[in-house]
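S.K.: Sequence:
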Amino acid sequence: MTTQHAPAEIPVYTGKMTAGRKLRAYVALTKPRVIELLLVTTLPTMIFAQRGMPPLMLILATMVGGALAAGSAGAFNCYLDRDMDRLMRRTKNRPLVTGEVTPREALVFAWALGAVSIAILWAGANLLTAALGLGAILLYVVFYTLILKRRTTQNIVWGGIAGCMPVLIAWAAVTNSVEWPAVILFLIIFLWTPPHYWPLSMKYGEDYRNASVPMLGAVAGAKTVSVQVVLYAYATVACSLLLVPVGGAGWVYTLGALLSGIWFIAESHKLHARAQREEVTDKSAMKVFHLSISYLTVLFLALAVDPFIGPAVLA
9 MTTQHAPAEI
19 PVYTGKMTAG
29 RKLRAYVALT
39 KPRVIELLLV
49 TTLPTMIFAQ
59 RGMPPLMLIL
69 ATMVGGALAA
79 GSAGAFNCYL
89 DRDMDRLMRR
99 TKNRPLVTGE
109 VTPREALVFA
119 WALGAVSIAI
129 LWAGANLLTA
139 ALGLGAILLY
149 VVFYTLILKR
159 RTTQNIVWGG
169 IAGCMPVLIA
179 WAAVTNSVEW
189 PAVILFLIIF
199 LWTPPHYWPL
209 SMKYGEDYRN
219 ASVPMLGAVA
229 GAKTVSVQVV
239 LYAYATVACS
249 LLLVPVGGAG
259 WVYTLGALLS
269 GIWFIAESHK
279 LHARAQREEV
289 TDKSAMKVFH
299 LSISYLTVLF
309 LALAVDPFIG
319 PAVLA
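All the letters of the sequence shown, read from the start, carry residue numbers 9 to 323 under this note's numbering.
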């Protein structure tokens with residue numbers, strides 16, 4: 009599916025390091041696109057937990073604290089993975105590879121973001137929320153980056169637990185507890201992560217092989233990967249519907265989960281059908297990757313609107 013490439017040429021930055029460029033480099037360390045996706049799940053979860061709009065200051069503290077925690081984890085990840093990032097075309101422009109940020113600067117930045125994030129979550133929400141924020145950082149940095157990523161094809165499955173933590177953080181910020189609806193939301197993202205990320209690894213399989221990272225899309229054929237994508241898509245949609253009996257979700261969420269879920273499963277089946285015919289391309293794999301983001305966004309938008317429109321389906 010993917011054209012064979014030589015290892016990436018490293019674009020070392022040799023120009024004048026202006027304050028603006030340095031700032032952009034620090035922002036890049038935080039992986040802002042990942043943060044955006046995490047925040048998409050945070051506010052809807054808070055609204056659903058509150059069954060209405062939470063206090064503005066609580067929302068701000070949770071969103072800012074959560075974003076900084078994710079940024080800290082991203083910066084630690086860039087620091088620890090800087091050796092492999094040099095070998096991958098997808099990551100060759102990261103600031104630690106180009107030299108725009110030194111390893112020491114990145115490490116200090118990561119620690120600072122982490123400390124500030126925990127302080128904000130504790131002061132603005134509660135101790136449980138802060139503890140979950142710390143847990144999210146440790147899971148991503150230690151469990152995923154240091155232990156799993158370079159050792160197993162299941163790295164993104166179990167390492168993806170860190171990406172599920174924002175919903176627990178959001179729920180705890182509102183209720184000072186972790187209840188069953190929060191667990192369901194956690195499991196939705198846990199099951200969604202493989203069919204979201206594995207199509208990306210299909211496109212960048214050569215990158216991962218160059219860096220000796222056993223991502224499933226790099227070590228298994230498209231047929232095998234597409235089967236896993238379909239199975240996890242079904243599991244994700246089935247899990248999303250558990251919020252109706254367990255969380256008291258209403259018709260807006262239920263219909264949103266059903267319709268977007270059918271769409272997600274259908275596109276996953278199309279990828280599988282292409283794989284069986286050996287017709288998978290980078291474009292078709294990335295279509296599922298991008299669609300999975302749209303699916304999760306629609307699902308959580310429905311979750312946010314649901315408390316304001318109508319009663320629970322099983323009321």
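Take these hints with a grain of salt, some might be off.
[Claimed, not checked] Only pairs whose alpha carbons sit at most 25 Å apart, straight line, appear in this in silico DSS-like list of lysine-lysine:
| no. | residue 1 | residue 2 |
| --- | --- | --- |
| 1 | 39 | 231 |
| 2 | 278 | 100 |
| 3 | 231 | 291 |
[As the list claims (entries may be wrong)] Distance ranges between label pairs, derived from CB positions:
| no. | residue 1 | residue 2 | range |
| --- | --- | --- | --- |
| 4 | 155 | 313 | 34 to 42 Å |
| 5 | 270 | 120 | 42 to 50 Å |
| 6 | 59 | 285 | 43 to 51 Å |
| 7 | 291 | 227 | 30 to 38 Å |
| 8 | 65 | 286 | 52 to 60 Å |
| 9 | 35 | 159 | 25 to 33 Å |
| 10 | 246 | 31 | 28 to 36 Å |
| 11 | 220 | 40 | 49 to 57 Å |
| 12 | 289 | 120 | 38 to 46 Å |
| 13 | 35 | 285 | 37 to 45 Å |
| 14 | 101 | 184 | 35 to 43 Å |
| 15 | 155 | 119 | 40 to 48 Å |
| 16 | 301 | 97 | 44 to 52 Å |
| 17 | 146 | 111 | 16 to 24 Å |
For the record, the hints were derived by calculation from the structure and aren't laboratory data.
Fair warning: this is a prediction, and the values are worked out from it, not measured in the lab.
The beta-carbon is built from N, C-alpha and C at its ideal position, and this holds for glycine as well.
S.K.: Is the distance from the Cβ of residue 220 to the Cβ of residue 40 consistent with 49 to 57 Å?
M.R.: violated (27 Å)
S.K.: With 38 to 46 Å as the target window, see if residue 289 and residue 120 comply at their CB atoms.
M.R.: Hint holds: Cβ distance 43 Å, inside 38 to 46 Å.
S.K.: Between residue 301 and residue 97, does the beta-carbon spacing fit 44 to 52 Å?
M.R.: violated (21 Å)
S.K.: Tell me if the beta carbons of residue 101 and residue 184 are separated by a distance inside 35 to 43 Å.
M.R.: For residue 101 and residue 184 the Cβ distance comes to about 42 Å; the hint holds.
S.K.: Is 37 to 45 Å respected by the C-beta to C-beta distance linking residue 35 and residue 285?
M.R.: holds (42 Å)
S.K.: Between residue 278 and residue 100, does the CA-CA distance stay at or below 25 Å?
M.R.: The given pair, whose Cα atoms are some 32 Å apart, is violated under the 25 Å limit.
S.K.: Just to be sure I understand the hint, the distance between the Cβ atoms of residue 65 and residue 286 should be within 52 to 60 Å; is that true here?
M.R.: Since residue 65 and residue 286 have Cβ atoms about 55 Å apart, the given range 52 to 60 Å holds.
S.K.: Tell me if the straight-line CA distance from residue 231 to residue 291 falls inside 25 Å.
M.R.: Given pair residue 231, residue 291 holds - Cα atoms ~16 Å apart, limit 25 Å.
S.K.: Do residue 146 and residue 111 keep their Cβ atoms within the hinted range of 16 to 24 Å?
M.R.: holds (20 Å)
S.K.: Go ahead and decide if the range 43 to 51 Å is satisfied by the Cβ distance of residue 59 to residue 285.
M.R.: Holds, since residue 59 and residue 285 (Cβ atoms, about 48 Å apart) stay within the stated range.
S.K.: Range hint 25 to 33 Å: satisfied by the CB atoms of residue 35 and residue 159?
M.R.: Between residue 35 and residue 159, where Cβ atoms are some 30 Å apart, the hint holds.
S.K.: Can you tell me whether the CB distance of residue 246 to residue 31 sits inside 28 to 36 Å?
M.R.: Check failed, 44 Å falls outside 28 to 36 Å.
Hint violations for this structure: numbers 1, 2, 7, 10, 11, 15 and 16, all remaining hints satisfied.
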